[in-house]
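Read off the chains here:
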Amino acid sequence: MPMQCNKERHEGADPRQRFIISNEWIARSILPMMLLVAVLALAMASPVFLTAANLFNIAKQVASVGILSLGLLICIIGGNIDLSVGSTIGLTGALLGGLSIRYGVPWAFVAMVLVTVAVGLVNGALVASGKGLSVIVTVSTTSILRGLTYLYTDGKPIILFPMPYAFLGSGELGPVPWPVIILLTASLITHLVLNNTVWGRNLYSIGGNPEACRLSGIKVRTYVIGQFVAAAGFAALSSVVLLARVYSAQPNAGLGMEMDAISAVLIGGASLSGGTGSVGGTLLGLFMLGLINNGLNLLGVSSFYQYILKGSIILVAVLADQVRRK
Amino acid sequence: MKRTLSCITPLLAALFVVCVCSTSIHAAKYVIGYSAPGLIDQFQLDIVEGMREIAKSNDADLIVIDSRNDVAKQIGDIEDLIARKVNLIVVCPNDEHGIVPAVERANRLNVPVITVDRSAAGGIVVSHCGLDNYALGFKAAEFICERIGGKGQVAMVSGTAGMSVVAKDEAGFRDGLKKYPGVQLVATRNADWDKAKAMSVTEDILTRYPDIKGFFAHNDTMIVGVVEALKARKLTGKVVTIGIGGYDDGREAISAGYLTASIGLSAVEGGKATMKLALDVLSGKAVPKSSPWPVTLVTLAGEDSLSLLNLN
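Here the protein sequences come in this chain order: A and B.
Quick note: the first sequence uses numbering that gives the first Met the number 0, first residue 0, plus one each step.
Quick note: the second sequence uses numbering that gives the first Met the number 0, first residue 0, plus one each step.
Treat the hints with caution; some may be incorrect.
[Unchecked claim] Result set (DSSO-like, lysine-lysine): computed pairs, CA atoms no more than 27 Å apart in a straight line:
no.	chain 1	residue 1	chain 2	residue 2
1	B	Lys230	B	Lys271
2	B	Lys284	B	Lys84
3	B	Lys150	B	Lys237
4	A	Lys309	B	Lys178
5	B	Lys150	B	Lys233
6	B	Lys284	B	Lys233
7	B	Lys196	B	Lys55
8	B	Lys150	B	Lys212
9	B	Lys212	B	Lys178
10	B	Lys284	B	Lys28
11	A	Lys155	B	Lys178
12	B	Lys275	A	Lys155
13	B	Lys177	A	Lys155
14	B	Lys84	B	Lys55
15	B	Lys194	A	Lys155
[As the list claims (entries may be wrong)] Estimated spans, in silico, between C-beta atoms of each pair:
no.	chain 1	residue 1	chain 2	residue 2	range
16	A	Ile188	B	Pro293	49 to 59 Å
17	A	Thr184	B	Thr206	51 to 61 Å
18	B	Gln183	A	Leu150	55 to 65 Å
Derived by calculation from the structure, the hints in this document are not laboratory data.
Each residue gets a CB set at the ideal place from its N, CA and C atoms; glycine is no exception.
My request is simple: use the sequences and hints to build the entire structure.
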C-alpha cells in the first residue's frame, strides 16, 4: 500500500482527489454529522427527546464531566495526560464536606484550594522531571489520592454538612440550570486563554514539539506544571458541582470519570500526541456522550449497548484524527 | 485508514439504528422505570428478572437503566425516567444519601418512588422492599461463631468501600461478634464485589494470620474467591466460610463441600415482590412502609428459612 501511494504522488496529483472530498474535511465533519444523525434518530424515536427540559437534563448531566474535560484538554494539548483528576474530585469533595462541618465553609474552601494547587504542583513537577512520564505519574497519584480520600472519609460518605452553594447542583438561573452556566463560563474562559493569550499559543507549540520550544527559550517546565495545576483546578470546580448535585461527599466520587472526560476531549478532535484540540470540539464530544446515555435511557435500551456505542465513537474519532494527519 | 473509517462509520450508524429500533414501542397499561445501581452481578440481574416476569404478566412496561455504580449518573438516570413520563420509579440507590436529590425531584413532579434492596435517607418514598443488611451481617457473625465454638480469629471480605450497604453489612457483623468475646475480627478488606480481588485479599490475610478460623464475604462472588484461596492452601474444611446471596456459584461451592454456607436471598423472588408492590401502588391499594424479602440459610444439609432476620 505505501508503495502505491508514493508512486501516485510521483506521477502528479491523485486523480481521485478531484472527486473525493479531502481527508481534512471528512475528519472535521464526522463528529457534527454523527451528532446530527443521533439527534434526528432520537427525536423520531422519542417524543420527549427534543424538549427544552430534556435538553437541559442532558446538559446538567454532563456538566461536571465537561468541567473536568476542560482541564484535561489543556493537559492533552500540552502533550500530557492527567489520569488523577477523578481521584482529585474525590479528595477535594471529601475535604470540602468534612472541613465544612468542623471549620465552616469559607475555611474549607481555602483548604480545598490549597490542596488542589498542591496536587497540581506535585503532579506537574513529577511529570516535568523526565520525558513521557505523565501516564505513569498520574496513575500512581490516582491511587494515592483515592487512598487518602478513603482514609479521610473512613470509606463512608460525608453527609449533612453546610452547603450554601447547593444551588450550583440543582438550582436554575431563569430556565438555565446552574451547572450548565458554570460549564459554559468555564469553557469560554478556557477558549479565550487557549486562543487569545501567549500562554495558550505557547501551550499548543509545546504540545507539538517540546524540544523546539525549549531551544527557543520557552520555559517548558513551568508550562507542564501549569497544565497539571489547571487540570486539578478544573477537577476541584467539577467536584463542587458534583457535591452540590449529589448532596453528599462520596468517597468514590469521580471514580472513572477521567475516562469519560478524556473520551470527550478525544472525540472532540484532540490528539494524545499533543498540539491539537479545541474547547468547541470537546463540548461537541461531551454532548455526543451525554446524548448516548440520555437517548438510550429514554428509549429503554440496555446500557450494555451504551458501552459499545461509546467505545465505537471514540474509535471513529481516533481514526478520523489519523486520517487528518496523512 | 480512510477506508477503515469509511467502513466503521456506517457500521456505527447501523448499530445505533439497531439500538433505537430494539425498543418495543407499544402502549402498555403502565410504564415503570427501574434505576439499577450496577448490572454486573447476579444479584442485581435477578432482581431485574423477577421484576420483568411480574411486569410482563400484568401488562406493564419495565424500563431498566444501569447507573454503573455511579451516584451522579443515577440522579441523571432518574431525571431521564421522569422525562420519559414513567408512572412509577423503582430505585436501588448506589448511596442512601446520594439518591435524595433525585427522590425529591420525583416528589416535586408527583412520580411515586419505591426503593428496593437499599433504602433512601430522605425524600418521600412510598414503600421500601428489601433486606435488612445489618441483620444479614449479624446473622453471618452468629453462624461463624457457633460453628467455630466461640473462639478464634475471623476475617471479613467487604464490597466496595463507601457504599452504605457495605457499611451495614460490616456494622451488623461487628455487632454480631460482640456476643462472643473469644472471637476477634483480625482483618477487614475491600474486594469490590470481585472474585479475583477477593482471592488475592484472602491470600494476604492468610499469610498474615495463618490460624484464621472463619471468613465472611458480602456476596457469594467474593466468598467463592475466598474459598479458592483456601483450597490452594489446603485449608478447605478447616475454615468456616459464609457468603450472602445463595446464587448458583455459591450453591455449587456448597454442594462440592468447599463453602460452608450462604445466606440465600433469592433476588428473583425479591424482584417479584417489588414489582407486585409497585403494581399495588399504581392501582391505588394501601401498601406497608416496608416489606421484607424471604431469606434462607443454604448449607450442605439443605435450605432453612431464616425468620429471625427481621431484627430491626
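Status of each hint after checking the structure:
Straight-line distance between C-alpha atoms of lysine 230 (chain B) and lysine 271 (chain B) comes to about 36 Å, which puts the hinted pair past the 27 Å bound. Restraint check for lysine 284 (chain B) and lysine 84 (chain B): the C-alpha separation of about 21 Å stays at or below 27 Å, so the hint holds. Straight-line distance between C-alpha atoms of lysine 150 (chain B) and lysine 237 (chain B) comes to about 14 Å, which keeps the hinted pair within the 27 Å bound. A threshold of 27 Å between alpha carbons decides the hint, and for lysine 309 (chain A) with lysine 178 (chain B) the separation of about 51 Å lies outside it, so the pair is violated.
With a C-alpha separation of about 21 Å, the suggested pairing of lysine 150 (chain B) with lysine 233 (chain B) holds against the 27 Å cut-off. Restraint check: the Cα-Cα separation between lysine 284 (chain B) and lysine 233 (chain B) comes to about 56 Å, which exceeds 27 Å; the hinted pair is violated. Simply put, lysine 196 (chain B) and lysine 55 (chain B) have alpha-carbon atoms about 37 Å apart, too far for the 27 Å limit, and the pair is violated. As the CA atoms of lysine 150 (chain B) and lysine 212 (chain B) are separated by approximately 9 Å, the hinted pair is consistent with the 27 Å bound.
For the given pair, lysine 212 (chain B) sits about 17 Å from lysine 178 (chain B) by alpha-carbon distance, which is consistent with the 27 Å threshold. At most 27 Å may separate the alpha-carbon atoms for a hinted pair to count; lysine 284 (chain B) and lysine 28 (chain B) meet this at roughly 17 Å. About 25 Å separates the Cα atoms of lysine 155 (chain A) and lysine 178 (chain B), which keeps this hinted pair within 27 Å; it holds. Proximity of lysine 275 (chain B) to lysine 155 (chain A) is assessed by CA-CA distance (about 33 Å); at most 27 Å being required, the pair is judged violated.
Taken as a hint, the lysine 177 (chain B) and lysine 155 (chain A) pair is honoured in the structure, with Cα atoms around 22 Å apart against an allowance of 27 Å. A C-alpha spacing of about 19 Å is found between lysine 84 (chain B) and lysine 55 (chain B), which places the hinted pair at or below 27 Å, so the restraint holds. Pair hint lysine 194 (chain B) plus lysine 155 (chain A) holds up; C-alpha atoms about 23 Å apart against a cutoff of 27 Å. At about 57 Å, the CB distance of isoleucine 188 (chain A) to proline 293 (chain B) agrees with the hint of 49 to 59 Å.
In this structure, threonine 184 (chain A) and threonine 206 (chain B) meet the distance hint of 51 to 61 Å, their C-beta atoms being roughly 53 Å apart. Between glutamine 183 (chain B) and leucine 150 (chain A) the Cβ separation comes to about 23 Å, which falls outside the hinted range of 55 to 65 Å.
Figure legend: structure checked against the earlier numbered hints; hints not met, in rising order: 1, 4, 6, 7, 12, 18.
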